[in-house]
Amino acid sequence: MSNKVLHVFGVMNRGGAELRTLTLMPQMQALGYEFHFCVLSGQPGTLDEEILALGGKIHYLKIGPGFLWRFTSLLRQQQIDILHTHVALVSGLLVLLGTMAGVKKRISHLRSTLDERDLSFLRRCRNAILRRCLYSFSTHVLGVCRGALECQWKDWQQRPKCRVIYNGLPLTDMSHEADFWSQWIPGYRQQKVIINLARMNPAKNHLRLLSVFNAFLRQYGEGFLVLVGKEDKRIKAQIENYAAQNGITERVIILSEQSQPLRFLAHADAMLFPSLWEGLPGSVLEAASVGTPVLSSAIPGCTEISQQLQAVKTESLNSDDRIWAEKLATLIQQAENRPALINNFRESDFLLDKNLRALHAVYAE
1 MSNKVLHVFG
11 VMNRGGAELR
21 TLTLMPQMQA
31 LGYEFHFCVL
41 SGQPGTLDEE
51 ILALGGKIHY
61 LKIGPGFLWR
71 FTSLLRQQQI
81 DILHTHVALV
91 SGLLVLLGTM
101 AGVKKRISHL
111 RSTLDERDLS
121 FLRRCRNAIL
131 RRCLYSFSTH
141 VLGVCRGALE
151 CQWKDWQQRP
161 KCRVIYNGLP
171 LTDMSHEADF
181 WSQWIPGYRQ
191 QKVIINLARM
201 NPAKNHLRLL
211 SVFNAFLRQY
221 GEGFLVLVGK
231 EDKRIKAQIE
241 NYAAQNGITE
251 RVIILSEQSQ
261 PLRFLAHADA
271 MLFPSLWEGL
281 PGSVLEAASV
291 GTPVLSSAIP
301 GCTEISQQLQ
311 AVKTESLNSD
321 DRIWAEKLAT
331 LIQQAENRPA
341 LINNFRESDF
351 LLDKNLRALH
361 AVYAE
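Residue numbers for the sequence shown follow the working numbering, so the first one is 1 and each next one is one higher.
No lab work stands behind these hints: they were computed from the structure. Just so you know, even glycine gets a beta-carbon here, dropped at the ideal spot from N, CA and C. All the pointers check out, no bait thrown in.
The list that follows gives simulated cross-link-like pairs (lysine-lysine, DSSO-like), each with its CA atoms no further than 27 Å apart:
id, residue 1, residue 2
1, K62, K104
2, K354, K104
3, K57, K104
4, K230, K313
5, K104, K4
Label pairs and their in silico Cβ distance ranges:
id, residue 1, residue 2, range
6, R189, P160, 50 to 60 Å
7, Q307, R357, 20 to 30 Å
8, K230, D155, 29 to 39 Å
Turn these sequences into a full structure, and let the hints steer you where they fit.
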């Protein structure tokens, strides 16, 4: 008999947490787990068809009037054995409802390191209540990195429910296509290609990304910046305006979402990733897994990755663009040593098999 697991997300789009969960799904099913997904936006997502094709079930349950009753009813009617939430501190409410519905295993999975110092007093009070509920009513509290737990509890290592489980990726052999970029970049003639794989969102710091790239062009002459990820109209307009004002429009290529992002990462010379905050960014791990060097902001999750992976280097967001550009130019030289970087990834904690074993151990406790 299968154990039913209900994963809770906002919407099933191509985000890091959503993709990592889907990657685990076939292997976890083979171990006897049946995956259900509860979508709190009530909206369909780009991954829905893939979930259904894999045999998963999706429950659209928009937060609003009657949500508390509808959520507890869902848990009881579907006879959920494991509640696994991925919605930050809102998980505190959900694990409380899971307790009321009689779900024996309730897992809150923290995936971000967002700083609360700029929040209003009322928002901080609300978060304090949710944080208390989250720890009190969860049987396990997982963090994708140490920073994700530390930003909630400085003493997390003394809290028995807390543990770190790093996301894992499968190693994928990527064949090299000599003319890959010609089909995507007009006028491409073997110039260096710098990529950013991220949805257009304030946390991804796209204007700083362009500023660093512009400094790189001024210092080193040629290159292209390729942006892969879900578009946002406002941020895209800001990107286009910045590029036009600085005369680099032809150097900035916006490709939107792609179904096979690893192909783009594998053919780039480096990835630039100046995010303001993250959990354990999947795109950084994906780049490293195919041997593409990454220059990232020195935020907790990326710093933890860099401690194990030679492909990933970090720089403070307070550093000047010129320093970023110099470090990026140095890093591009590493792309010539992809096999060694891939072998280094193979020896790290960020492999799918290690992630699978760690999560199965929690589910089976």
